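J.: Sequence:
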Amino acid sequence: MAVVAEQTKAIAAKVSNWANVVLAYEPVWAIGTGKVATPAQAQEVHNDLRKWVHDNVGAEVAASVRIIYGGSVNGGNCKELAAQPDVDGFLVGGASLKPEFIDIIKSATVKKSD
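In the numbering used here, the protein residues as written are 524 to 637.
It is worth saying that the hints were derived from the structure and are not from the lab. In this text, all values refer to a predicted model and were calculated from it rather than measured experimentally. Even for Gly, the Cβ is constructed at its ideal location relative to N, Cα and C. Treat the hints with caution; some may be incorrect.
Distance ranges between label pairs, derived from CB positions [claimed, not checked]:
#1 622 with 538: 33 to 39 Å
#2 556 with 606: 19 to 25 Å
#3 533 with 614: 14 to 20 Å
#4 621 with 554: 16 to 22 Å
#5 564 with 629: 20 to 26 Å
#6 578 with 547: 16 to 22 Å
#7 532 with 620: 30 to 36 Å
#8 528 with 608: 18 to 24 Å
#9 547 with 525: 28 to 34 Å
#10 528 with 622: 35 to 41 Å
From just these sequences and the hints, can you work out the full model?
T.: Put into structure tokens, the structure is as follows:
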């Protein structure tokens, strides 16, 4: 989380209006590997990131900023990931070119309507 906090600190220093900001998290070990965090792992980092925003930017921003997950999301893991309270959506890579992309869209849509 230390690296994520430092990266977010650099962003926070430059952003004055958070209304349209979306933070994306992808574990470095997931980039281009096909490996995916467990839903619990993704939730833990997203929760820690939201707490960092709360403590360093403000409660209102923490409550409203979207934090999305970008580590090898696919049709098989999107529902469990979307069910996590601090995962607000996905940054989809290669799966966006496959028919299963519709499953990813549906999982995010279901969460939004809850």
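J.: In ascending order, which of the hints set out earlier in this document are inconsistent with the structure?
T.: Hint check: 9 fails alone, others pass.
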